[in-house]
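Chemist: Quick mapping for you: the protein sequence lines, in order, are chains A and B.
Quick note, in my numbering, the first sequence goes up one by one and the last residue is 272.
Quick note, in my numbering, the second sequence goes up one by one and the last residue is 302.
Keep in mind that the hints were calculated from the coordinates and are not lab data.
Owing to the predicted nature of the structure, the values given are computational and were not obtained by experimental measurement.
For each residue, glycine too, the CB sits at the ideal point set by N, CA and C.
Errors might be hidden in some of the hints.
Derived EDC-like pairs (lysine to aspartate or glutamate); straight-line CA-CA distance at most 20 Å [said to hold, decoys possible]:
1) Lys239/A x Glu221/A
2) Lys12/B x Asp180/A
3) Lys151/A x Glu108/B
4) Lys38/B x Asp180/A
5) Lys91/A x Glu251/B
6) Lys38/B x Glu158/A
7) Lys135/A x Asp201/B
8) Lys151/A x Glu128/B
9) Lys224/A x Glu245/A
10) Lys67/B x Glu20/B
11) Lys12/B x Glu237/A
12) Lys32/B x Asp127/B
13) Lys71/B x Asp127/B
14) Lys91/A x Asp107/B
15) Lys91/A x Glu160/B
16) Lys12/B x Asp227/A
17) Lys288/B x Glu251/B
18) Lys12/B x Glu252/A
19) Lys151/A x Asp107/B
20) Lys98/B x Glu128/B
21) Lys248/A x Glu217/A
22) Lys117/B x Glu160/B
23) Lys38/B x Glu173/A
24) Lys248/A x Glu237/A
25) Lys71/B x Glu132/B
26) Lys68/B x Asp105/A
Computed far set for chain B versus chain A, every beta-carbon distance over 12 Å [unchecked claim]:
27) Pro7
28) Leu31
29) Asn40
30) His55
31) Arg210
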Amino acid sequence: MSAKERKKKSAAAAVKHRPKVPAATAVKEEKKIGAKLIPIYIMGKRYEVPEGLTIMKAMEYAGYVLIRGCGCRGGTCGACGTVYRKPGDYKLQVALACQKTVEPDMYVAQIPFFPANRALYDFARLTATPEEVFKLYPELFRCVACNSCTKACPQGIEVMDAISALKQGNIAEAAQLSFDCIQCGLCTSRCFGELAQYHMLQLARRIYGARIVHRAEHLAEMVKAVDEGKYDRCLEELKKAKEDELKKLYQEREVEPMATGEDWKPKDTTYL
Amino acid sequence: MSLAYYPGCTLKTRARNLEESAVASMEALGLKLDEVPKWNCCGAVYSLADDDLIHRVAPVRNLIRVKKQGKTELVTLCAFCLNTLKRANLLMRQDVEKRDTLNRFIDEGIDYSGEVKVVHLLEVLRDEIGWEALAQKVKLPLHGLKAAPYYGCTLLRPREIAIDNVENPTVLGDFLGALGASPVDFPESTRCCGSYQVVGDPGDIAEYARPILNSASSHGAEALVLTCPLCDYNLGRGQKELLKKQSGFREMPLLYFTQLLALALGLGSRICHFELNHGSSESLLRAKNLLSQGESVRPIGG
Chain A
1 MSAKERKKKS AAAAVKHRPK VPAATAVKEE KKIGAKLIPI YIMGKRYEVP EGLTIMKAME
61 YAGYVLIRGC GCRGGTCGAC GTVYRKPGDY KLQVALACQK TVEPDMYVAQ IPFFPANRAL
121 YDFARLTATP EEVFKLYPEL FRCVACNSCT KACPQGIEVM DAISALKQGN IAEAAQLSFD
181 CIQCGLCTSR CFGELAQYHM LQLARRIYGA RIVHRAEHLA EMVKAVDEGK YDRCLEELKK
241 AKEDELKKLY QEREVEPMAT GEDWKPKDTT YL
Chain B
1 MSLAYYPGCT LKTRARNLEE SAVASMEALG LKLDEVPKWN CCGAVYSLAD DDLIHRVAPV
61 RNLIRVKKQG KTELVTLCAF CLNTLKRANL LMRQDVEKRD TLNRFIDEGI DYSGEVKVVH
121 LLEVLRDEIG WEALAQKVKL PLHGLKAAPY YGCTLLRPRE IAIDNVENPT VLGDFLGALG
181 ASPVDFPEST RCCGSYQVVG DPGDIAEYAR PILNSASSHG AEALVLTCPL CDYNLGRGQK
241 ELLKKQSGFR EMPLLYFTQL LALALGLGSR ICHFELNHGS SESLLRAKNL LSQGESVRPI
301 GG
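Sequences and hints are given; from them, build the entire structure.
Modeler: Structure, rendered in structure tokens:
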């Protein structure tokens with residue numbers, strides 16, 4: 001038996017003797033799919049996992065217990081940034097482990113956290129001038145436009161173009177281009193110029209939201225009404241309600257139709 | 001008619017006075033400057049290390065994107081952007097091996113071999129509009145303004161990318177003449193302002209500015225006319241030091257050529273953003289009747 005075959009056999013054995021209590025979700029998925037097994041390599045080690053699992057569930061199936069690098073499991077928290085390569089393809093691929101399903105022979109590793117300095121600032125004192133951003137993140141100007149950040153973004157954000165916009169002092173453009181950012185940090189992990197794109201663009205979105213975008217007048221009115229106690233009475237009623245009563249209220253509540261005009265109102269307007 | 005236009009980062013922040021006056025002026029001349037979408041930094045400075053290809057990526061990516069949009073000519077306004085873009089373009093035309101390496105790395109979906117022509121706005125004014133036609137559009141001639149054209153380095157060096165005669169450039173002087181001003185020839189008009197060498201280490205900044213400003217002044221110039229935000233930055237800061245150090249030094253207003261263009265076309269001082277200039281040009285512009293009653297162009301600092 002060659003060393004390679006031995007290694008393969010022991011890897012297969014390792015899979016056979018996987019932990020007795022794999023994560024509940026993985027077992028459920030395995031049954032549903034019918035468990036055609038495909039090989040994947042997690043941090044260089046071969047496992048056979050059911051086809052159709054996400055990378056995250058495949059890792060759990062293989063015995064990993066994830067206490068970091070795993071959050072919402074819905075593709076929005078950015079905790080499970082993952083890189084992988086496939087044989088014969090020189091390009092590094094990126095994904096969120098909770099979203100991407102496994103493919104045969106993929107080599108995966110999670111990058112749940114990537115060190116990147118976040119500037120300290122007193123947000124209340126920031127106005128909307130680009131120079132403030134330049135002072136907080138001077139490394140912005142180390143960008144060489146290699147576009148590796150864009151290629152590394154599992155959200156498909158044009159990160160380099162957002163960084164370019166920020167360099168040009170166009171905070172609004174930077175915020176809008178990076179709106180889908182989930183702060184996974186994969187852009188930063190690939191940056192030649194050692195920029196912390198995800199922190200810089202988060203600052204751009206904060207400034208945009210607080211200082212540039214038009215304020216919604218109706219929101220201010222609503223906040224005022226809440227502050228003045230307009231809804232205290234109904235909250236008190238809900239707090240006093242028994243469980244059965246709450247369930248009934250919830251089940252019988254009137255739901256706003258999917259497609260409706262802005263002037264839609266429920267039939268019962270007591271609490272408006 | 002519109003021209004594909006590359007502004008450059010500084011023109012969107014510190015040097016809005018260079019850009020906004022140009023955009024308004026060209027519109028008035030019937031040649032709209034149409035900013036190309038999705039541009040990035042020009043590279044800031046052209047790396048002289050032969051194998052330093054990573055610093056060519058930024059300018060070449062811009063040029064590829066311009067080609068992708070079906071444009072064949074790109075107008076620049078900042079002399080430094082012109083320099084980096086044009087030199088990178090030259091590399092893409094002449095060096096097949098590096099061109100292939102850059103094309104593969106940049107990965108924009110199309111290959112590029114220097115097809116886009118990079119020009120400076122002064123070339124558009126000279127070659128596409130012409131000095132006579134420009135002179136005819138002037139509403140407020142800059143009569144009596146003794147203005148020294150300052151080229152610095154990046155419009156003229158290296159020779160392969162120069163927009164004019166390297167030893168004896170006339171384009172900026174001819175431009176000033178067309179606007180009705182009196183151009184002042186002076187021997188230091190192509191001397192270096194200190195470039196990036198004095199940005200990080202401004203120790204000698206006054207010594208870079210001194211020969212340029214003194215020479216212009218001794219030849220009778222009342223203002224120095226610039227094309228480059230870095231020249232403006234260095235000469236502006238240098239001049240501040242000289243005002244402290246050299247007794248009897250008289251402040252020389254530093255003006256962008258596009259600010260004078262806008263004034264001469266009768267577009268008013270507001271679009272020129274004189275408040276962003278280094279030092280004050282108010283008394284000079286007022287003495288030459290280039291400001292209307294009530295207009296003020298005081299600097300806001302820097």
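Chemist: Taking the numbered hints from earlier one at a time, note which ones the structure violates and give those numbers from smallest to largest.
Modeler: Violated hints: 1, 2, 5, 8, 9, 10, 11, 15, 16, 18, 20, 21, 25, 26, 27, 29 and 30; rest satisfied.
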